[in-house]
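Given the structure of chain A, go ahead and fit chains B, C and D with the ligands onto it with the hints provided.
Residue numbers (my numbering), protein chains in the order written: chain A, 1 to 447; chain B, 1 to 447; chain C, 1 to 504; chain D, 1 to 504.
You may find that some hints are simply not true.
[Said to hold, decoys possible] Calculated lysine-lysine pairs in the DSBU-like style (CA-CA distance at most 30 Å, straight line): (1) K283/A with K490/C; (2) K377/C with K444/C; (3) K283/B with K490/D; (4) K283/A with K47/C; (5) K494/C with K281/A; (6) K389/B with K349/B; (7) K401/C with K469/C; (8) K401/B with K67/B; (9) K401/B with K56/B; (10) K47/C with K320/A; (11) K56/A with K35/D; (12) K56/A with K67/B; (13) K35/C with K37/B; (14) K67/B with K283/B; (15) K349/B with K56/A; (16) K401/A with K35/C.
[What the hints assert, rightly or not] If you want the ones that stay clear, here's a sample from chain D, every Cβ over 10 Å from chain C, calculated: (17) G77; (18) L212; (19) L457; (20) T483.
Simulated from the structure, these hints should not be mistaken for lab results. Built from N, CA and C at the ideal position, the CB exists for glycine as well.
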Amino acid sequence: MRYLPLSDEDRAQMLATIGANSIDDLYVDVPREALLKAPVALPAHQSEMEVERLMKLLASCNIPAGKTAFFLGAGAYRHHVPASVDHLIQRSEFLTTYTPYQPEIAQGTLQALYEFQTQVALLLDMEVANASMYDGSTGLHEAAMMASRVTKRSRVVLSGGVHPHYAETVRTACEAHGLEIVTLPAAIDDESAVLRAMDANTAAVIVQSPNVFGTITDLKPIVAGAHAGGALMISSFTEAMAFGLIEPPGAMGADIVVGEGQSIGNALNFGGPYVGLFATKEKYLRQSPGRLAGETVDADGKRGFVLTLSTREQHIRREKATSNICTNSGLCTLAWTIHMTLLGAEGLKRVATLNHENACDLADALGVIAGVEVLTPRFFNEFAIRLPKRADVVLDALMEKGIVGGVPFTRLNPREGLEDVLLVCATETNTPEDINAYAAALKDIVQ
Amino acid sequence: MRYLPLSDEDRAQMLATIGANSIDDLYVDVPREALLKAPVALPAHQSEMEVERLMKLLASCNIPAGKTAFFLGAGAYRHHVPASVDHLIQRSEFLTTYTPYQPEIAQGTLQALYEFQTQVALLLDMEVANASMYDGSTGLHEAAMMASRVTKRSRVVLSGGVHPHYAETVRTACEAHGLEIVTLPAAIDDESAVLRAMDANTAAVIVQSPNVFGTITDLKPIVAGAHAGGALMISSFTEAMAFGLIEPPGAMGADIVVGEGQSIGNALNFGGPYVGLFATKEKYLRQSPGRLAGETVDADGKRGFVLTLSTREQHIRREKATSNICTNSGLCTLAWTIHMTLLGAEGLKRVATLNHENACDLADALGVIAGVEVLTPRFFNEFAIRLPKRADVVLDALMEKGIVGGVPFTRLNPREGLEDVLLVCATETNTPEDINAYAAALKDIVQ
Amino acid sequence: MTATVSGNHGLQQAEGLLFETASITRTGVDMPAPKGRPDRLGGLGRKYAPLLPGLSEPEAVRHYVRLSQKNYAIDLGLFPLGSCTMKHNPRLNERMARLDGFADLHPLQPVQTVQGALMLMEELARWLLTLTGMDAVALSPKAGAHGELCGMLAIRAALIARGEGETRKRVLVPESAHGTNPATAAACGFIVDEIHATDDGHVDIEDLKKKLGPDVAGIMLTNPNTCGLFERDIKEIADIIHGAGGYFYCDGANYNAIVGRVRPGDLGVDAMHINLHKTFSTPHGGGGPGSGPTVLSPALAPYAPVPHIVRRGEDLALMEHSEAAEGSPFGRMCAFHGQTGMYVRALTYMLSHGSDGLRQVAEDSVLNANYLLARLKDHFNAPFGAGPCMHEVLFDDSTLKTHGVETIDFAKAMLDEGYHPMTTYFPLVVHGALLIEPTETESKAELDRFADVLIALAERVKTDAAHFKSAPHLAPMRRLDDTRAARQPKLRWKPDEALKTAAE
Amino acid sequence: MTATVSGNHGLQQAEGLLFETASITRTGVDMPAPKGRPDRLGGLGRKYAPLLPGLSEPEAVRHYVRLSQKNYAIDLGLFPLGSCTMKHNPRLNERMARLDGFADLHPLQPVQTVQGALMLMEELARWLLTLTGMDAVALSPKAGAHGELCGMLAIRAALIARGEGETRKRVLVPESAHGTNPATAAACGFIVDEIHATDDGHVDIEDLKKKLGPDVAGIMLTNPNTCGLFERDIKEIADIIHGAGGYFYCDGANYNAIVGRVRPGDLGVDAMHINLHKTFSTPHGGGGPGSGPTVLSPALAPYAPVPHIVRRGEDLALMEHSEAAEGSPFGRMCAFHGQTGMYVRALTYMLSHGSDGLRQVAEDSVLNANYLLARLKDHFNAPFGAGPCMHEVLFDDSTLKTHGVETIDFAKAMLDEGYHPMTTYFPLVVHGALLIEPTETESKAELDRFADVLIALAERVKTDAAHFKSAPHLAPMRRLDDTRAARQPKLRWKPDEALKTAAE
Ligand SMILES: Cc1ncc(COP(=O)(O)O)c(C=O)c1O
Ligand SMILES: Cc1ncc(COP(=O)(O)O)c(C=O)c1O
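In isolation and in its complexed conformation, chain A is listed as follows:
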């Protein structure tokens, strides 16, 4: 087998050195009846050529976004990632190494993480960022638990603008942890409702901006209200690229900012792997989850980097750790930081502006169609529209014409009605032709 260097001769020699008669001698501790005598009932090994044929067959049963006019967002975004990013993250020294537990031979990973943390903090305008969470949704439940540790309170209020998958993820993890999770009804433009739902035991309010309907919100009043009630203000997001153009949560005083980083450096990958961005204020650092790369010096006084403050983490603190996370999103953070380095402030602003302009053009084109209403008052690259028909029906009709027109809100949350609401997104990858085709097709369908 191509991945196994040992020959039968090697195996025999090694057994002899060990002093065992057969490989089964090495499995002595396994209950005899549990030791399988034959391979399980699955296909035998295959050549690379055959496996490639099979996998390509599976892949061919999907329609990749790039083969359609594509307008999906709602938590995952299709952006152009420079070819050099994927080339660099595939370098053996990055791809096939482990968590940098031996810093003297892991400076490549560690310096890249330190640069990543810096870029995340700069983008969100926060004091510190960690070395990543699994994704935005799991990062958010970590943020909620962190807030309860910081405030010693056990209630968390989520706005109706939070992505329903995120809300569900937070509820699932936090309720088991003993927190009370209050999720407000879906609302297109009412993030501040969280303030009305606060009480004396509220550890944090969680708002999302841009929210799942695309609405951008001024966080300052919410921060003020939360702090007045002794709660932390957690700001969540799903489209990191938005902060190339809109005011970052840190600048508005958010205590914890957490969200999805996929849209920078990472492909859609049908939902994963993605990369959770997590930033907070220095004073909350020791309650924060996840790995942190920090600067130090070596025995010769040379600057270097190590993983630090690990007394918060499971491998040291065990049941008292701030989180159980171990493996995080290493290589996705590398893709993120490389892409961000290529963009720089200049490129980021440019691409963010293109996203916004395409989304505005799309909103204009769809909004003028009789019976179609753009519901989102302020947005970056995605917005919600109300249709004169069920959104899922319209979506199927659009698909017929090679247009993937959006996400019916009911797919994310079937509990609120809103069958006629479609979430629509445009990025720099959409052409004017795409947008015109969409508008024309929708016009046909709804009339």
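Chains B, C and D with the ligands only, in chain A's frame:
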């Protein structure tokens, strides 16, 4: 522009340091009227996203071999190349380095070349091999010129089994050099005809095995005859993988063995880049063309590798050089040697056998069709068939059914009639389904 | 080393922080020019641009290629980190994961456009269930610890369904367990209660029995355990815990030792996570991403989180909401459907090895570990005797300590020899642990070279402790100061440093 | 360096020949089992298996990754090889070249299945002709020297057509020319006659005139020339040679300095090869593959070799045979259609830069070279004065020699500083030449760092010649013995060595 690090600010500073007022001051030696004032009439720069869109559009106007039932050989072969090969040759340290003129910081390239030379010599059973030529066809004209240097004779005889493109390439280069090139009429199984065409001024006879019709030939008698006449025997080939199964030319006494290495490690690439394999006997080394990597030691006595015997080459010998070649097929040799290392004797025999068995199955399946005749008596993975109709007409009909059925001999050589001859090839990449589909389709077409 | 003007040493390039060379105005991307149309930001546009420096593409490529060469990696040599299964990462997996048909799929595309992806998930599930002999699998957990969370949440849900959610709050965890086990139990609101190990590195059944009671929710056991041993009493342990009304969570991080040879389902396991990034060769990527599908017994299957894949006639569909799903899903582990990119790699690997190859994987991994044990046992102290071990072999620091060398010193000396050290100071049940996992993708020649080096170093320990104390000497950096890093945490570069650096 | 047991030094891995670890029985590929059907080899099967050792995939990957780290590369640092244009190689080019629609095309597929490839070639031709202002282009030459061969064969064909094929046999070549120029002329059966350079590094027009005669076939001139200067009398030279009935071949290796700013067609050039692997960023790959399309003037266009691309109504077709082609092609340069894989990369690069960007490429490459000249001219001797130069800058060894340091010693000392040296001992017209070509893809910061190092070394030359004589000290190897390699050539490993190594 993304590939240009200088900012306008940098440019201004640098001009100042230089003491020039404008960039045009640096072009003072250019005749004023020849210095273009404006960009030439071509499109302006484009984003990576836009360029990718354009190139993919061009690519989509082609039908890749893998999307069809594919049976072409005749000088280029479709084999499965392990994914690790392409990954490794894309490593920056291999991809973006130059000819190893500074051996102390080029041992990676040099050792790989030394290993390549060894593997080529072992495969062909020759004493020495060089670090590659551009491809098989240009390697062959170098071999012809080398033979004339060695023998001080000026006439070269090519068998009618030599690939017509190769024969034409040899004629083009060698006639200008003052050699007389005699190319014998196309013959499916008469390589030894070269002996009958020899004379006292013949420097070399060139035979190809397997030849363009796929025929394998016993070279021993031809070697004997050539040597008896004082000429060198040059053995050419287009399918290196054949020598995993058939007797290598070196074992039969050939003086120079040269051919195409594409089929190991390299994609079809619509004809290039490919890699010329060139091997000879030690005694002819100093007359041989191309680079050679050799073993030596460093100042500490440590084994290392360098380019050697360069006194044969253009940068030292100038007009007296054995060839004008400089850049050769570096990265393609790396792909070749990596693939060969993965194969090893074991894998090579296995894949060569699969090629032969598929070709035999194909010959059986086509041979039984009324009016279709398999013309090639002995073959590895390709053979010629005679059809009851013009080959090009049949080919178009097959194409209709998604089958790329072969190469009409007339496409390679229109001067010999043979309109009804089709060159057909099967490799390990062909499935039984492909073969059955071909036979069924051909049956329909010729009846 | 000779000092140089450039700070480089031959091919070893010095490389500063990108912020020290990058500039706010430079970029490595080109974009079509914006139209400058009126915006719809409602006045919430960014007040000032982020101080994010950029690099042109040539500069960026060079920055990261230089950084990469400061890393050790599997592709450079043996990476014997115990409990991490640092095996070869086939490049075919990477190529398949990058097919547009997988990489360019949005998680919320209409299901009729992603049938291949759903088939992939179904096929991966089939392989995992057949290999483990379990009843159901939740694919979505994003790494091992997340899989533990998934399994423990399923146990919690089952207890609640039994009306014992409030009463059964205690989870038994051996002291040899990985830190994620107690951390996960605590995250789910359980109280962690340690059980001791016997002198031969196994669970102390007597202690286990003592700790039982009506408040026990279950046990979290790693098998093969973190001492590299197979818990020979595993079935008895399962019976005991089941008998006491608790569930058996098995940490599957060490599954590589038994894949294709033992089915956890045959051992009484109720839940187990599988690290696709260990047993099934998806790359560790310097700390992730991973993937931790969690297999469940019939008792826990009904509580598997959404999404589920369901058949709709010919087609496959995604059940994304608990209300609508069969059974009573305890909720959702994350947005969307988990680490699909890792599913592609893992399935590619499984198809490549097949059932025969995977079995060979387990056997060779165990053979390699026992071979190292045999070669090293006279030079290091194996606290739990002369074996056999499973796929990793554990030593303690007793042979080092006597000469004043700590485990960490020994590890750092290995860096000079061009080897990544084994896992150190884990598990906690032995002093100064050295846990070696070679994996099955190492050749005998590599193992012998490695053993020779360890033996030579073990000899040197006896005569030259100083060499170890001051190691490493030949790595890109000398020993780094962890204490300083933690004492005055500096976790990011700050723009004002630019001025500082400029000033220098 | 401290000795180690393993022979490794930290991350620097010692790596033997693959033959020393590989085995005849091992393989890194799996294949379906053969059926064992009767063969059709006619008794010409291999008598014995080749002694080709194999490695499993993990071993093979490790072998080549380790080897790769012993190389310097553009992606690691400045690569100032004069005349080689070692510019950044964009990864987009690599990705495009690997699209199935290009990489998985057989050269003899029916033309209706490769229209996109033919469009690609037509588009590439359009860009090259528009940029150079020439009349026709032969794409097929496989590298620069092959392009020279193509151009000189076209000249030969034109002379034959004029009935002067036997009489005009002399080709004038400046002594500063690259070795491939005289070698190519000789290969085409011409006699090479050198023309001298003036003291300021240009062609000596007087000497040129002296050398003229009815037997002159033409001149091979590099412009910008190999001294980094633009031949200011280029048009006069063209007129002179044309007046004498000869043709003007221009070596386009240095085209990067003028692309988009000067059209060779406006200078009287009859033929010029373009190194796509220099000006148009296709990677050098450690010595190839390259691509050397050759542009031709109206006088030579009719003789362009096959294949030609021709329009057939809507479609494109390939004219692959001289007989059938228009004009009178002199023959064929190679099998098939040349380096299509390189065409894809080059066109991708051209489209990325556009006409504006390419012009900027030329200007920045010239600016960078002149900046280095300005920074270095007080520390090294620029034999041809203070400039301006084109895209490369030339120094001689006079400032080194006086202190007993040779150009090669200086070059080797640069290795310790982490830099690849400039081109040395070429061109031959100056003593111990040091030819520096930074290219446009280097930043000002990189240039300054590089200049600082060269200046520091130049200072050290004055006081510490020994340091240079014994350099390099920090490279993966100390200085290698070329003489020994050439005296007893050892060009391959031999199986019997395996026994030797085993015995050791
Ligand atoms: C025994 C054990 N359990 C759990 C884990 C956690 O897995 P992950 O890092 O994927 O979260 C690890 C990882 O090192 C482990 O070794
Ligand atoms: C001036 C000059 N001419 C010709 C050549 C030959 O080009 P190639 O190596 O592509 O054959 C070179 C390459 O170094 C060169 O520098």
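Checklist line | Restraint check for K401/C with K469/C, where alpha carbons must lie at most 30 Å apart | finding: OK: K401/C and K469/C at ~12 Å, within 30 Å.
Margin query: Does K281/A sit within 30 Å of K494/C, going by the straight-line distance between their CA atoms?
Written below: holds, 15 Å
Check: Does the alpha-carbon distance linking K349/B and K56/A stay inside the 30 Å limit?
Finding: Holds - the C-alpha atoms of K56/A and K349/B are around 27 Å apart, at most 30 Å.
Notebook entry, point to check: If you draw a straight line from the CA of K283/B to the CA of K490/D, is it 30 Å or shorter?
Noted result: The hint holds at about 13 Å.
Note to self: Given the hinted pair K401/A and K35/C, is their Cα-Cα distance within 30 Å?
What the structure shows: Since the Cα atoms of K401/A and K35/C sit roughly 28 Å apart, the hinted pair holds (cutoff 30 Å).
Note to self: Need the status of pair K389/B, K349/B: alpha-carbon distance at most 30 Å?
What the structure shows: Between K389/B and K349/B the Cα gap is close to 37 Å, so the pair fails against 30 Å, i.e. violated.
Margin query: Can you confirm whether the C-alpha distance between K283/A and K490/C stays at or below 30 Å?
Written below: At roughly 13 Å apart (the allowed maximum being 30 Å), K490/C and K283/A satisfy the hint.
Next item on the list: Examine each Cβ of chain C, and state whether all of them lie more than 10 Å from the Cβ of L212/D.
Entry: holds, 46 Å
Margin query: Hint check: K283/A vs K47/C, CA-CA at most 30 Å. Holds or violated?
Written below: At roughly 25 Å apart (the allowed maximum being 30 Å), K47/C and K283/A satisfy the hint.
Note to self: Just to be careful, I want the Cα atoms of K67/B and K283/B compared with a cutoff of 30 Å; is the pair within it?
What the structure shows: violated, 48 Å
Check: Straight-line Cα separation of K401/B and K67/B no greater than 30 Å?
Finding: holds, 12 Å
Checklist line | Whether T483/D stays farther than 10 Å from all C-beta atoms of chain C, as the label says | finding: holds, 23 Å
Violated hints for the displayed structure, listed by number in ascending order: 6, 10, 14, 17, 19.
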